[in-house]
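Novice: Taking the hints into account, I'd like the entire structure generated from these sequences.
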Amino acid sequence: MGFLALWMNSEGELTRHHATQLALTGDVPEDESVRQLLTDFYREVAASSEHQPLFTDQLLEQQTKNGYVSASACQGCHEQEYLQWSATRHAFAFETLLKKERYFDPNCVSCHTTGFGYQTGFQIGDEKSAFKGVQCETCHGPGKQHVGNPKKTNIRLAAETSLCLECHDTKHSPGFTEVVALHTKDVDHSREPMNLEELLASRVSRMGKPTLELFVMSYCPYGVQAEEKLIPIVKKFGDTIDFKLRFIAQEKERISLKDITPFTSLHGYPEVAENIRQLLIAKEYPDRYLDYILCRGKKLNQSWEACARKLGIDVEKIQTLFDSPEAEQLFRENIKRAAELGIRASPTILVDNHQFRANHLLRASGTPCQ
1 MGFLALWMNS
11 EGELTRHHAT
21 QLALTGDVPE
31 DESVRQLLTD
41 FYREVAASSE
51 HQPLFTDQLL
61 EQQTKNGYVS
71 ASACQGCHEQ
81 EYLQWSATRH
91 AFAFETLLKK
101 ERYFDPNCVS
111 CHTTGFGYQT
121 GFQIGDEKSA
131 FKGVQCETCH
141 GPGKQHVGNP
151 KKTNIRLAAE
161 TSLCLECHDT
171 KHSPGFTEVV
181 ALHTKDVDHS
191 REPMNLEELL
201 ASRVSRMGKP
211 TLELFVMSYC
221 PYGVQAEEKL
231 IPIVKKFGDT
241 IDFKLRFIAQ
251 EKERISLKDI
261 TPFTSLHGYP
271 EVAENIRQLL
281 IAKEYPDRYL
291 DYILCRGKKL
301 NQSWEACARK
311 LGIDVEKIQT
321 LFDSPEAEQL
331 FRENIKRAAE
341 LGIRASPTIL
351 VDNHQFRANH
361 LLRASGTPCQ
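For the sequence shown, the numbering used here begins at 1 and goes up steadily by one.
The set of hints was computed from the structure by calculation and includes no laboratory data.
Take these hints with a grain of salt, some might be off.
As the list claims (entries may be wrong) - Listed below are the simulated SDA-like cross-link pairs for lysine to any residue, each with C-alpha atoms no more than 25 angstroms apart in a straight line: (1) Lys152 / Gln62; (2) Lys244 / Arg89; (3) Lys298 / Pro221; (4) Lys244 / Lys310; (5) Lys128 / Glu213; (6) Lys244 / Arg288; (7) Lys209 / Cys111; (8) Lys244 / Arg191; (9) Lys336 / Ser324; (10) Lys244 / Val28; (11) Lys99 / Ser33; (12) Lys209 / Gln250; (13) Lys100 / His172; (14) Lys100 / His354; (15) Lys151 / Tyr118; (16) Lys336 / Gln225; (17) Lys252 / Glu333; (18) Lys283 / Ser256; (19) Lys65 / Ala158; (20) Lys229 / Arg191; (21) Lys317 / Arg246; (22) Lys229 / Arg363; (23) Lys235 / Lys283; (24) Lys209 / Glu198.
Specialist: This is the structure we're talking about:
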């Protein structure tokens, strides 16, 4: 998108001009007419089999009574395999299209989603689709029949190299056949799943700046444990990642004169108050708030002021901000994300919109608060 400014004199002659390119970032609001054009395009693609090339013509994919069920349906019986897969490049394949703005191209979508071209699989334009990324069923075939009646004969036990070459061809993965053995680690489910540090390093090296979100309740013991393990990793990666602290709480539907806050949280008002203070400190002291969280986690039964003063945080300033309407609005905006995603368990971790449990990425153990 661009901006063009023209200066004319009194006689209508052009005297000066200036042109500027404007990046279409997420901050630019949608234009209704452009959105309608995209919607019409998505509908056209969805209605035309001509625009939706089938991923493969192997036997399982051609069974009319079969269908795609998504990786989450496989997780119940294959937990270890699911955890190993969930941190691989296959799992994040759709994010590659988002970053390169090719998520609308059928020729690209076919190899970055699951079941594209089939009625039960991925559909272009479905922002909430459960079939983003290269999931279990890409390699093992549609799983509807297998989930309903698990047998070795109604699922593909192992994928042949020929199936990999449907996408990893000479155009998109030159030399793949010569080094295919080196890539099998991404599909070797016997391997230990990546931890958070390994996953972030992989995302940074391949995709630029990943987004890491931690959803917690500040008084949740398991959440505090997760913070103790996660914050040193956040510090290590610094500006190479985009870290966001999210809180899990709810806004009351009705407020009475007796209510001291319009919000509710599992551990009561002390937790709501601490959540808000942490957001204020993060905003006013971005270089110290992580240390404050670590200190506070060890002293939740004491006054917050001790940790603040230890780190050179102005207690009076934070308290003044805490008593302002802006503090409530800051918290209100922060808790929207968890509500929109339906996240209720503390701690929950998201890496580039992929959800993980703390015991998986941080090797932590405990009982989530929810």
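Novice: The structure should be examined with respect to each hint, and the outcome stated for every one.
Specialist: Here's how the hints hold up against the structure:
| no. | hint | verdict |
| --- | --- | --- |
| 1 | Lys152 / Gln62 | holds, 18 angstroms |
| 2 | Lys244 / Arg89 | holds, 22 angstroms |
| 3 | Lys298 / Pro221 | holds, 10 angstroms |
| 4 | Lys244 / Lys310 | holds, 24 angstroms |
| 5 | Lys128 / Glu213 | holds, 19 angstroms |
| 6 | Lys244 / Arg288 | holds, 15 angstroms |
| 7 | Lys209 / Cys111 | holds, 23 angstroms |
| 8 | Lys244 / Arg191 | violated, 29 angstroms |
| 9 | Lys336 / Ser324 | holds, 20 angstroms |
| 10 | Lys244 / Val28 | holds, 21 angstroms |
| 11 | Lys99 / Ser33 | holds, 23 angstroms |
| 12 | Lys209 / Gln250 | violated, 30 angstroms |
| 13 | Lys100 / His172 | holds, 14 angstroms |
| 14 | Lys100 / His354 | holds, 18 angstroms |
| 15 | Lys151 / Tyr118 | holds, 23 angstroms |
| 16 | Lys336 / Gln225 | holds, 24 angstroms |
| 17 | Lys252 / Glu333 | holds, 14 angstroms |
| 18 | Lys283 / Ser256 | violated, 30 angstroms |
| 19 | Lys65 / Ala158 | holds, 21 angstroms |
| 20 | Lys229 / Arg191 | holds, 22 angstroms |
| 21 | Lys317 / Arg246 | holds, 23 angstroms |
| 22 | Lys229 / Arg363 | holds, 9 angstroms |
| 23 | Lys235 / Lys283 | holds, 17 angstroms |
| 24 | Lys209 / Glu198 | holds, 14 angstroms |
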